[in-house]
Amino acid sequence: MSNLLLVISVMLLAYANGANDNFKGVATLFGSGTAAYRRALYWASWATAAGACCSLYLAHGLLLKFSGKGLTPDTLLQTPAFLLAVATGAGMTVLSATRLGLPISTTHALLGAMVGVTLLANQGHINAMPLWHNFVLPLLISPLLSLFLAMLMHWVITHCVTGKRLKSPVCLCVEPQNTSAFAYSAGGLIVASSVPSITVDQQTACAARNATIVLGVSAQRWQDSLHYLSAGCVCFARGLNDTPKIAALLWLTPDDELVTTVVFIALAMLLGGLLNARRVAITMSHNITTLDHQQGLAANMTTALLVVIASRFGIPVSTTHVAVGALVGIGWLNGQPKYGMIMTILLSWLLTLPSASLFAACVYWVMESLVTGVHV
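Numbering-wise (the working numbering), the sequence shown opens with residue 1 and increments by one.
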């Protein structure tokens with residue numbers, strides 16, 4: 001019975017993770033107008049699923065770190081009450097934030113849940129050094145690193161790759177028209193078959209929308225393609241980074257095979273994103289800063305680079321913290337950060353760990369009370 005409850009709790013955590021996190025990689029596609037919501041969501045879903053499956057081969061370090069070894073006593077690690085409390089506490093925290101449209105870190109929620117249960121079960125004692133070096137420090141550094149790297153990445157894209165900013169301003173077009181002009185001169189009629197016409201319109205309405213051609217393809221098309229590719233890389237990296245953290249809860253139980261665990265977690269994440277991603281999507285895409293195509297590309301390339309490297313070397317950074325840090329960096333760069341929402345998100349990050357700790361500790365206390373009552 002306890003194993004069944006654990007599986008259900010972990011699947012709910014994976015569902016919540018998908019709902020809160022899946023869209024973060026494509027938020028710049030939606031926010032910059034490069035893709036519609038549904039198209040961006042489908043691209044995010046499949047890229048995340050691919051990353052989740054590849055985590056079997058590329059992210060074993062995270063699987064070991066989020067098994068709780070070094071942080072929690074071994075005697076507590078494999079108890080059903082510990083695993084169930086951690087999964088439930090983290091899941092409740094992420095679901096609550098998703099309902100409010102706040103992008104928080106599943107990594108942070110899992111860490112908080114582990115800390116809460118360990119403190120309660122171990123009479124207030126916890127191994128602080130692994131907690132600081134392996135978990136807290138990377139989570140604190142990653143958003144700041146992402147912020148400055150995004151600004152640098154934008155400068156590189158603007159000045160070294162494209163050589164200029166590709167904007168979408170109102171354009172002024174001078175072009176021939178098929179209208180005729182009539183005039184009388186010396187008793188005769190002069191007919192001009194066409195005269196130049198000046199048109200002021202959106203750039204998409206102009207025939208020469210973008211004159212920059214690279215290898216026979218417009219620079220704008222190259223940029224959009226890179227934007228899609230970088231968004232897919234972020235989603236792939238997120239699946240690669242988050243799946244082993246969730247799978248660690250089931251991997252510790254001897255009856256579950258790792259491959260089966262990862263497949264079901266990937267499916268739950270996919271479903272959560274498809275059904276419940278909209279609120280967080282709007283926050284990430286429109287409520288942190290305004291974006292153009294190059295800014296979105298810079299933010300996504302930064303996030304993908306940092307998260308893939310972290311996953312490969314088993315560093316437990318948060319995709320959420322990295323992605324939001326990159327968006328804030330772009331906001332500072334373009335002078336349009338939305339400080340009200342940024343402060344709300346920061347507050348939700350500060351509350352994630354204690355909330356998950358409290359939820360998980362309560363679940364653990366209830367489980368232990370039930371077990372004690374049965375034995376009595």
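Please keep in mind that the hints were generated in silico from the structure rather than gathered at the bench. Warning: the hint list may mix true and false statements.
Each pair of labels, with its calculated beta carbon distance range [to be verified]:
1. T344 to Y42: 23 to 33 Å
2. I309 to N122: 45 to 55 Å
3. V259 to G124: 33 to 43 Å
4. H286 to L77: 18 to 28 Å
5. P80 to Y37: 24 to 34 Å
6. Q78 to L267: 24 to 34 Å
7. Y42 to L370: 35 to 45 Å
8. S2 to I282: 33 to 43 Å
9. P73 to L4: 40 to 50 Å
10. L229 to L358: 18 to 28 Å
11. I8 to W365: 12 to 22 Å
12. H286 to L346: 27 to 37 Å
13. S2 to L275: 36 to 46 Å
14. I8 to Q78: 42 to 52 Å
Beta carbons: idealized from backbone N, C-alpha and C, even for Gly.
Tested hints:
{"no.": "1", "hint": "T344 to Y42: 23 to 33 Å", "result": "28 Å, holds"}
{"no.": "2", "hint": "I309 to N122: 45 to 55 Å", "result": "33 Å, violated"}
{"no.": "3", "hint": "V259 to G124: 33 to 43 Å", "result": "38 Å, holds"}
{"no.": "4", "hint": "H286 to L77: 18 to 28 Å", "result": "42 Å, violated"}
{"no.": "5", "hint": "P80 to Y37: 24 to 34 Å", "result": "40 Å, violated"}
{"no.": "6", "hint": "Q78 to L267: 24 to 34 Å", "result": "25 Å, holds"}
{"no.": "7", "hint": "Y42 to L370: 35 to 45 Å", "result": "43 Å, holds"}
{"no.": "8", "hint": "S2 to I282: 33 to 43 Å", "result": "38 Å, holds"}
{"no.": "9", "hint": "P73 to L4: 40 to 50 Å", "result": "25 Å, violated"}
{"no.": "10", "hint": "L229 to L358: 18 to 28 Å", "result": "41 Å, violated"}
{"no.": "11", "hint": "I8 to W365: 12 to 22 Å", "result": "20 Å, holds"}
{"no.": "12", "hint": "H286 to L346: 27 to 37 Å", "result": "18 Å, violated"}
{"no.": "13", "hint": "S2 to L275: 36 to 46 Å", "result": "28 Å, violated"}
{"no.": "14", "hint": "I8 to Q78: 42 to 52 Å", "result": "18 Å, violated"}
Hints 2, 4, 5, 9, 10, 12, 13 and 14 from the list above are not met by this structure, while the remaining hints are.
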